[in-house]
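Engineer: Each chain is listed here by its residues.
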Amino acid sequence: MRYLPLTDTDRSAMLDVIGAPDVDALFVDVPEEARLNGPIEGLPMHASEMAVEKHMRRLSKKNLAAADAAFFLGAGAYKHHIPASVDHIIQRGEFLTAYTPYQPEIAQGTLQMLFEFQTQVARLYGCAVANASMYDGSTACWEAVAMAGRVARGKKRKVVLSGALHPHYAEVVRTMAKFTDDEIAGGPPSLTPKPDDDGLIARIDEDTSCVVVQYPDILGRLPDLAKIAKAAHEKGALLIAVNTEPVALGAVASPGELGADIVVGEGQAIGVGLQFGGPYLGLFAVRDEKHVRMMPGRLCGETQDAEGKRGFVLTLSTREQHIRREKATSNICTNSGLCALAFSVHMTLLGEKGLRRLAMENHRLACLAADRLAKVPGVTVLNDSFFNEFTLLLEGDARGIVRDLTKRDILAGVSLGRLFPGNDGLANGLLVAVTETTTEEDVETLASALEEVLA
Amino acid sequence: MSTPNASGWKPGTPVEGHNAMSGPDTATGNRALMLEEPLLFEIGHVETTGVDLPEPKGGTNRLGGFDREAAIGLPGLSEPETIRHYTRLSRQNYAIDLGLFPLGSCTMKHNPRLNEKIARMPGFADVHPLQPVDTVRGALEVINELAFWLLDLTGMHGVAMSPKAGAHGELCGILCIRAALEARGDAREVILVPESAHGTNPATAAFAGYKVEDIPATPEGRVDLEALKARLGPDVAGVMITNPNTCGLFERDMKAISDAVHAAGGFVYCDGANFNAIVGKVRPGDLGVDAMHINLHKTFSTPHGGGGPGSGPVVLSEALSPYGPLPFTARDGDGIVHLVEEENAAEFEHTKAFGRMTAFHGQMGMFTRALAYILSHGADGLKQVAEDAVLNANYVLRSLEDMLDAPFGPSGPCMHEALFSDKGFAEGLSTLDLAKAMIDEGYHPMTMYFPLVVHGAMLVEPTETESKAALDQFIVALRSVAERAKAGDESLKTAPHYAPRRRLDETQAARRPVLAWNDPSMA
Numbered sequence: 001m002r003y004l005p006l007t008d009t010d011r012s013a014m015l016d017v018i019g020a021p022d023v024d025a026l027f028v029d030v031p032e033e034a035r036l037n038g039p040i041e042g043l044p045m046h047a048s049e050m051a052v053e054k055h056m057r058r059l060s061k062k063n064l065a066a067a068d069a070a071f072f073l074g075a076g077a078y079k080h081h082i083p084a085s086v087d088h089i090i091q092r093g094e095f096l097t098a099y100t101p102y103q104p105e106i107a108q109g110t111l112q113m114l115f116e117f118q119t120q121v122a123r124l125y126g127c128a129v130a131n132a133s134m135y136d137g138s139t140a141c142w143e144a145v146a147m148a149g150r151v152a153r154g155k156k157r158k159v160v161l162s163g164a165l166h167p168h169y170a171e172v173v174r175t176m177a178k179f180t181d182d183e184i185a186g187g188p189p190s191l192t193p194k195p196d197d198d199g200l201i202a203r204i205d206e207d208t209s210c211v212v213v214q215y216p217d218i219l220g221r222l223p224d225l226a227k228i229a230k231a232a233h234e235k236g237a238l239l240i241a242v243n244t245e246p247v248a249l250g251a252v253a254s255p256g257e258l259g260a261d262i263v264v265g266e267g268q269a270i271g272v273g274l275q276f277g278g279p280y281l282g283l284f285a286v287r288d289e290k291h292v293r294m295m296p297g298r299l300c301g302e303t304q305d306a307e308g309k310r311g312f313v314l315t316l317s318t319r320e321q322h323i324r325r326e327k328a329t330s331n332i333c334t335n336s337g338l339c340a341l342a343f344s345v346h347m348t349l350l351g352e353k354g355l356r357r358l359a360m361e362n363h364r365l366a367c368l369a370a371d372r373l374a375k376v377p378g379v380t381v382l383n384d385s386f387f388n389e390f391t392l393l394l395e396g397d398a399r400g401i402v403r404d405l406t407k408r409d410i411l412a413g414v415s416l417g418r419l420f421p422g423n424d425g426l427a428n429g430l431l432v433a434v435t436e437t438t439t440e441e442d443v444e445t446l447a448s449a450l451e452e453v454l455a
Numbered sequence: 001m002s003t004p005n006a007s008g009w010k011p012g013t014p015v016e017g018h019n020a021m022s023g024p025d026t027a028t029g030n031r032a033l034m035l036e037e038p039l040l041f042e043i044g045h046v047e048t049t050g051v052d053l054p055e056p057k058g059g060t061n062r063l064g065g066f067d068r069e070a071a072i073g074l075p076g077l078s079e080p081e082t083i084r085h086y087t088r089l090s091r092q093n094y095a096i097d098l099g100l101f102p103l104g105s106c107t108m109k110h111n112p113r114l115n116e117k118i119a120r121m122p123g124f125a126d127v128h129p130l131q132p133v134d135t136v137r138g139a140l141e142v143i144n145e146l147a148f149w150l151l152d153l154t155g156m157h158g159v160a161m162s163p164k165a166g167a168h169g170e171l172c173g174i175l176c177i178r179a180a181l182e183a184r185g186d187a188r189e190v191i192l193v194p195e196s197a198h199g200t201n202p203a204t205a206a207f208a209g210y211k212v213e214d215i216p217a218t219p220e221g222r223v224d225l226e227a228l229k230a231r232l233g234p235d236v237a238g239v240m241i242t243n244p245n246t247c248g249l250f251e252r253d254m255k256a257i258s259d260a261v262h263a264a265g266g267f268v269y270c271d272g273a274n275f276n277a278i279v280g281k282v283r284p285g286d287l288g289v290d291a292m293h294i295n296l297h298k299t300f301s302t303p304h305g306g307g308g309p310g311s312g313p314v315v316l317s318e319a320l321s322p323y324g325p326l327p328f329t330a331r332d333g334d335g336i337v338h339l340v341e342e343e344n345a346a347e348f349e350h351t352k353a354f355g356r357m358t359a360f361h362g363q364m365g366m367f368t369r370a371l372a373y374i375l376s377h378g379a380d381g382l383k384q385v386a387e388d389a390v391l392n393a394n395y396v397l398r399s400l401e402d403m404l405d406a407p408f409g410p411s412g413p414c415m416h417e418a419l420f421s422d423k424g425f426a427e428g429l430s431t432l433d434l435a436k437a438m439i440d441e442g443y444h445p446m447t448m449y450f451p452l453v454v455h456g457a458m459l460v461e462p463t464e465t466e467s468k469a470a471l472d473q474f475i476v477a478l479r480s481v482a483e484r485a486k487a488g489d490e491s492l493k494t495a496p497h498y499a500p501r502r503r504l505d506e507t508q509a510a511r512r513p514v515l516a517w518n519d520p521s522m523a
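So the protein sequences, as listed, match chains A and B.
Residues 1 to 455 in the UniProt record's numbering are what the first sequence lists, from first letter to last.
Residues 1 to 523 in the UniProt record's numbering are what the second sequence lists, from first letter to last.
Hint data in this document are derived by calculation from the structure and do not stem from the laboratory.
Fair warning: there could be bad hints in the mix.
[Claimed, not checked] 27 Å max Cα-Cα, derived DSSO-like pairs, lysine-lysine:
#, chain 1, residue 1, chain 2, residue 2
1, A, Lys61, B, Lys117
2, A, Lys194, B, Lys57
3, A, Lys54, B, Lys117
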């Protein structure tokens, strides 16, 4: 077996040193009746690189890859061009096969990268401090809700969710809240050109620990965060802003500067591929440093070594499970390290100038696409405002149409019926995302296909 | 015992008083291949970009009046500068690719590169989680096939694939237990956890709303079955047991523990962090386990990545399977694999799910790698993985126990990791000092001060992907350092001497946290 270096000669020499007759003698503590005799049933014997690759390639080919279609999906995962050097860097063994940097003297590479990543995320979000990343956007969103509960010292139990929060994020919050006795308020969004900020504000009361608002929201619209922040703060509640498309923040004001207290999101769009939903990159930041010790997750900080040289360490770990055990702020024991590296490398390549250009190019192409699609009979663009994703209202069930169009290698977008099953009022909604990877030809392909199926 | 290096090769012997680190100072602070690297914020510029993108063109603006006006403060680098920045940083890291990584309980083994290649196939890497299911049947088949082999290897009934990491999997398992108890109207308040458990266990139980109580251990480092039985009762929701445990020992009484917990109406959670020691040798399902997470990076070798991403599928017993979270995959009679979500759960008779743990379907990029690993090893190879991991650990244990105190050594073989204590070290020298001295010898330190039940614990897990020659060299290094610790060699206290950094001031880092770079010129 190619991954196992011991030879039979090694094995018997080692058993001699140990003083055991055979390897089974080392498993003496496993009860005889539970021990498996011989190789496990069902599983084939070991296989060559060639054989495994062939099997996996066959499975891979059964999928329609985004690059092989006219592609318009978003809703929390976006297709952007990833520079070739990003994948090269994350495959360097010193990053790929390193452990969590608990031994800082021999992990400065990972630690300095994390410090740079934290700074990039904090600046992008308009916040004071970002952590070293979470599993993904949806779990970061829940962790933010849990943190708001800690800030309120458990005295406020109501969590107000915007109806236009990604429904899977809302579902994760609802699932976890069942076990923490938080009351979750929120329903599906209404199909209006502007987000219902006033309706949301009306639901905030003195018992509200936090308000959770997506920016841009699940329908692609931009809510008035500053107004919501003011209303939340008046009732003593925190505003949690959720962003699932970080490229947008190259074009629109950051949630932090608009008054959000905790900003969380999905970082996949920068540096991390679609990968059928994971691994992704949860981003987590707080606007005010006073909340740092309430944060979940790993944090990297600057310090000095014994010779006075600058260096970095994981810090404030007294919040974490390996020190605090049942009193920890979270049970989390990982970050999305390699995805954070990919994000950071891509962001370094972009720089401020590149990010702004990327954002404006996304917005420009999305505007052109919206205008073109609006000309299709039976199609209306819902949004007053959007960044690179908007909602179309079709004369017909969007989900069925999306399915039909896959036969022409068009991945037309995410139907609201898929996102909000059972909500008949949303069934004709189609969420369409346009990025720098979308060509005019793709848009034309989608437009003419819609013309045909809606005729 | 053989010599450090079978070939007899040794680096040049330093001349007295002239070792590599005591040469003249350099103008750059670099030492030949040891290169200092400034922060991105010190070398980059907001006007520099390494990506060719068009100048913003005018045109319509539909940002709703929320246009960004403030600067962001994100410096950029050109592509050559970017490659150099990160390549230089990478060289300050220890990694499995560089050498043995003896971290007990963390299982740092070789990461096959075939798996990297497979994960990047366009059909896996470039598919969106919300594509119509007919366009992603192959991806669903990967999840389903991996799930099938995980059940085969564990002898369990169902599996939740969506948890994003081990601790997320623990939470999933405990939430299944809570949902099952609630379904029978049985509000129980306590989860029992041994003191030797990973910190995530009590943190998870507390997060799920349980009170955490300790399970006492025997002097041999195992769960005290009689004491556990005495504590069981109608208030105990379940136990969380790591098997093999964090002392590196198999819980011989696992079946009796499970039977007792079940008889008292509770459930058994097994922390599967150490499943790599028993894969193909014994199935947790045969020991009465109700839920167990599997850290794919430990047993099935997905890369650790400097701290993640992980993946923590949870295998479930028949009693807990109905409560597993959405989404999951199911293969129908015609062999077609379906994605089961909220809307079609009833069709697949899964109406009691406790909810959803994450936005999408789990760590697909880790599933492809783990499946490739399982298929590469096959039934014979996986059994060999467990046997070689245990053989290597016992070889380390027996080669060092005359030099280092092995508290559980006399009671029999260990599993995949060997546990030592600091007993016999000279006054004033600690496990930390020994660990830092191992850095100078070219190794990542072993797990220190864990488990908590052994004083100055050192937990060594070599894994199955180390050769005998690599183990022999490691043993020589550890013997030498242990000897110095016993002899009171004061130079250990200032180790490491040869790493890119000396010991770092963690107290200062925590007292006055600097968690983001602030431009000194802006202060």
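Engineer: State for each hint whether it applies.
Structural biologist: Okay, the hints, checked on the actual structure:
no., hint, in the structure
1, A/Lys61 / B/Lys117, "holds (15 Å)"
2, A/Lys194 / B/Lys57, "holds (26 Å)"
3, A/Lys54 / B/Lys117, "holds (12 Å)"
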